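Student: Please construct the entire structure, taking both the sequences and the accompanying hints into account.
Now for the letters of each chain:
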Amino acid sequence: MGKKDSTYEAYAKERRENRRKSRRDFFHRLAKNKGAVVGMVMIIILILVAIFADVIAPWDSVVKQNALIRLQAPSAEHWFGTDTYGRDVFARVIHGSRISLLIGVGSAAFCLIVGGFFGAATAYFGGRFDDIVMRFMDMVMAIPATLLALSIVAALGTNMVNLVLAISISYTPRFVRLVRSAVLPQVGMDYVEAAKAAGSGNLRIIFKDIIPNAIGPIIVETTQSLSNMILEASGLSYIGMGVQPPNPEWGAMLSEAREVMRTYPYLITIPGIFIIITALSFNLFGDGLRDAIDPRLKT
Amino acid sequence: MLKYVGKRFLALIPIALGIALIIFSIMELTPGDPARLILGPDATAEAVEQYREEKGLNDPFFTRFFNYVYNAVTKLDFGVSYRTQKPVYNEIFSRLPTSLKLAMVSMAFAVLIGIPLGVYSAMHQYSFLDQILRVVSMFFIAVPPFWYAMILMLIFALNLHWLPTSGSSKWSCFVLPMLTLGMPYGGKFLRITRSTMLEVIRQDYITTAKAKGVPQRVITRKHALKNALLPVITTVATSFGGLLGGAIITESVFNMNGLGSLIVLSIKLKDTPTVMAAVILLAIIFSLLMLIVDLVYAFIDPRIKAKYAKT
Chain P
0 MGKKDSTYEA YAKERRENRR KSRRDFFHRL AKNKGAVVGM VMIIILILVA
50 IFADVIAPWD SVVKQNALIR LQAPSAEHWF GTDTYGRDVF ARVIHGSRIS
100 LLIGVGSAAF CLIVGGFFGA ATAYFGGRFD DIVMRFMDMV MAIPATLLAL
150 SIVAALGTNM VNLVLAISIS YTPRFVRLVR SAVLPQVGMD YVEAAKAAGS
200 GNLRIIFKDI IPNAIGPIIV ETTQSLSNMI LEASGLSYIG MGVQPPNPEW
250 GAMLSEAREV MRTYPYLITI PGIFIIITAL SFNLFGDGLR DAIDPRLKT
Chain H
0 MLKYVGKRFL ALIPIALGIA LIIFSIMELT PGDPARLILG PDATAEAVEQ
50 YREEKGLNDP FFTRFFNYVY NAVTKLDFGV SYRTQKPVYN EIFSRLPTSL
100 KLAMVSMAFA VLIGIPLGVY SAMHQYSFLD QILRVVSMFF IAVPPFWYAM
150 ILMLIFALNL HWLPTSGSSK WSCFVLPMLT LGMPYGGKFL RITRSTMLEV
200 IRQDYITTAK AKGVPQRVIT RKHALKNALL PVITTVATSF GGLLGGAIIT
250 ESVFNMNGLG SLIVLSIKLK DTPTVMAAVI LLAIIFSLLM LIVDLVYAFI
300 DPRIKAKYAK T
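Which chain is which? The protein sequence lines are P and H, in order. So the first sequence is numbered by numbering that gives the first Met the number 0: it starts at 0 and just counts up by one. So the second sequence is numbered by numbering that gives the first Met the number 0: it starts at 0 and just counts up by one.
Hints in this document: simulated from the structure, not taken from any laboratory. Please read all numbers here as calculations on a predicted model, not as lab measurements. Honestly, I wouldn't trust all of these hints.
Pulled a few chain P residues facing chain H out of the computed Cβ check, cut under 7 Å [what the hints assert, rightly or not]:
{"hint": "1", "residue": "Met-39"}
{"hint": "2", "residue": "Met-138"}
{"hint": "3", "residue": "Ala-141"}
{"hint": "4", "residue": "Ile-142"}
{"hint": "5", "residue": "Ala-144"}
{"hint": "6", "residue": "Ile-151"}
{"hint": "7", "residue": "Thr-157"}
{"hint": "8", "residue": "Ser-233"}
{"hint": "9", "residue": "Pro-244"}
{"hint": "10", "residue": "Pro-245"}
{"hint": "11", "residue": "Leu-253"}
{"hint": "12", "residue": "Ile-267"}
{"hint": "13", "residue": "Asn-282"}
Here's a subset of chain P near chain H, in silico, CB distances under 7 Å, partners left out [unchecked claim]:
{"hint": "14", "residue": "Phe-109"}
{"hint": "15", "residue": "Pro-143"}
{"hint": "16", "residue": "Ser-150"}
{"hint": "17", "residue": "Ala-153"}
{"hint": "18", "residue": "Ala-154"}
{"hint": "19", "residue": "Ile-217"}
{"hint": "20", "residue": "Ile-218"}
{"hint": "21", "residue": "Leu-230"}
{"hint": "22", "residue": "Gly-234"}
{"hint": "23", "residue": "Ile-274"}
{"hint": "24", "residue": "Ala-278"}
{"hint": "25", "residue": "Leu-279"}
Here a beta-carbon is modelled for each residue, glycine too, at the ideal position from N, C-alpha and C.
Tutor: Encoded structure:
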């Protein structure tokens, strides 16, 4: 190993130590933000509920219809009551969390991977590639997100995979732009030149140096978009273009309850509250992350 | 300056084409044979094939696309609806005013509620009202609009009978939808106005004005607000997209006769021509709105105006 390598290593080591310190400060600030902590706790609870949904409420109470016990108000036996088909609302709501989280996480993952890749690539390579991709992204962004997702689901068919795909595609341009703007200032920096001079391949530079430095705003955008994605999924399911019955998606449950909502309001208040809590948790957590990363941006 | 405005409008054309291409491509993926859909399941295979030849359905992709665009632009012919067997153009343009009204009114509501309250919130930071407003706006951002719509309907229409639940004939029909669509954005605008105002009033030039004895109201309005408004206007512009999207769902809930509910209906009935035309139209309207706001932005900020006056 020659001298050039060790200089780069020293440089990289110093940057790593700086990062470690700011990471500690970051967690400190995050813990102090009450909203963020509440959000995080709620998210963890939601994830646990989604994972253990089968344990908490068996799947057949979700789908088994029983006309005899339909439309019962919340009681000791059915904590959230029963719906228009006699299904236990509590079980449906619990399993609904699984669906919402799956859709949210799935969409976010797609956006991160695809958006992250194109964002980093356009920033790093620039030139014609950058122009073409960004033009294309502008055009996609010109189509309102809900409309685009609706069109895609309309064309491909209404199931959960297509829903995730549709929502992901609608939100990807935003991620591409964000990643690009986070990576762009890095590309000109000295340490990238140093790494190149030391012989680092392009891919190695992107993964080891650029992405760790750009990751802050990306994480914030991801959590805040998650909240919108879940709301989007509920909305599409509500108008029948999302998750199909008998799957217990919260938005779909609200749609079913619409006809009887006057006499059985609990059927819309309960799933609605769950949607709100979920979206709110991600929002609060995302806000907390943003404030912790850069206190100057505090709202 | 005028040259710049002209250039921007001209740039809309490739964007509109691009949007049309994207939507056209997406609709291409829809399974189903349009000829079969129009002629019905009883038509013979030969009749279907003949229809396809006549209408140019067997032509390559780009031929069909360019024909579509050409017809749409020159003759306003967007095809025939599978559902009504009538030209798509009629239905869409008769429903457009309702949707536009809803969007405009909701946006106006959101702006008129959000921005002033945001200013108040910033000027009286940490006051009781400020805390409440922050919580409320946070809440409204996480609320699913269709749920909120149903709750409003439950309270105001079904129980109190103050307002109608559906239709779009009287102005009162627009009140609940306006609240439904407007509140989340009102909350959003409140938050961003508040945060930008807070940033601005900490600036030195504000302190200078105060030291010079300029009355508080003048400071707030003339100096602070004008500068704070810039990011807010950007947020308002980008919210138009979400507003148009949310209008779709709101129209469904309140059974309004707008473009949004048309899109949903057409999708369910697999009426592709209508869906395509409606979506393309809405997207183009959105782009136009964004352009207008962008230009307003340029007019308001003297720095940008100066930059483009030279172009």
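Student: With reference to the structure, classify each hint as holding or not holding.
Tutor: For each hint, the structure was consulted:
For Met-39 of chain P, the suggested interface contact is broken, since its CB lies about 15 Å from the closest CB of chain H, more than 7 Å. For Met-138 of chain P, the interface hint holds, since its Cβ comes within 7 Å of a Cβ in chain H; the closest pair sits about 4 Å apart. For the restraint placing Ala-141 of chain P at the interface with chain H, the shortest Cβ-Cβ distance is roughly 5 Å, inside the 7 Å limit, so the hint holds. Using the Cβ-Cβ criterion of 7 Å, the hint placing Ile-142 of chain P at the interface with chain H is satisfied: the shortest such distance is roughly 4 Å.
Satisfaction of the interface hint for Ala-144 of chain P is found here, the shortest Cβ-Cβ separation to chain H being roughly 6 Å, below the 7 Å cut-off. Interface hint status for Ile-151 of chain P: upheld, as the beta-carbon distance to the closest one in chain H is roughly 6 Å, under 7 Å. A cut of 7 Å between beta carbons decides the hint on Thr-157 of chain P: the least distance to chain H is about 9 Å, and the hint is violated. Taking 7 Å as the C-beta contact cut-off toward chain H, the hint placing Ser-233 of chain P at the interface holds, the least distance being around 5 Å.
Nearest Cβ of chain H to the Cβ of Pro-244 of chain P: about 14 Å, over the 7 Å cut. The hint is violated. Against a cut-off of 7 Å between C-beta atoms, the interface hint on Pro-245 of chain P is violated, since the closest Cβ of chain H lies about 19 Å away. Evaluation of the Leu-253 of chain P hint against chain H yields a held restraint, the C-beta minimum of about 6 Å falling below 7 Å. Proximity of Ile-267 of chain P to chain H holds as hinted, the smallest CB-CB distance being about 5 Å (cut-off 7 Å).
At a threshold of 7 Å, the smallest CB-CB gap from Asn-282 of chain P to chain H is about 5 Å, leaving the interface hint in force. Contact between Phe-109 of chain P and chain H, as hinted, is not supported at the beta carbon level, the nearest pair being about 17 Å apart and thus beyond 7 Å. Given the 7 Å rule on beta carbons, the hint for Pro-143 of chain P holds: about 4 Å separates it from the nearest Cβ of chain H. Residue-level restraint check for Ser-150 of chain P holds (minimum Cβ-Cβ distance to chain H is 5 Å; threshold 7 Å).
Hint on Ala-153 of chain P holds. Least Cβ distance to chain H is approximately 4 Å, under the 7 Å limit. At about 4 Å, the closest approach between the beta carbon of Ala-154 of chain P and any beta carbon in chain H falls short of 7 Å, and the interface hint on this residue holds. Taken as an interface hint, Ile-217 of chain P does not check out: its beta carbon lies about 19 Å from the nearest beta carbon of chain H, beyond 7 Å. Hint on Ile-218 of chain P is violated. Least Cβ distance to chain H is approximately 19 Å, over the 7 Å limit.
Given the 7 Å rule on beta carbons, the hint for Leu-230 of chain P holds: about 5 Å separates it from the nearest Cβ of chain H. Taken as an interface hint, Gly-234 of chain P checks out: its beta carbon lies about 5 Å from the nearest beta carbon of chain H, inside 7 Å. For Ile-274 of chain P, the interface hint holds, the least distance from its beta-carbon to any beta-carbon of chain H being 5 Å, beneath 7 Å. Contact between Ala-278 of chain P and chain H, as hinted, is supported at the beta carbon level, the nearest pair being about 4 Å apart and thus within 7 Å.
The interface hint given for Leu-279 of chain P holds, since its Cβ lies 4 Å from the closest Cβ of chain H, which is under the 7 Å cut-off.
Violated hints, listed in ascending order, are 1, 7, 9, 10, 14, 19 and 20; each of the other numbered hints is respected by the structure.
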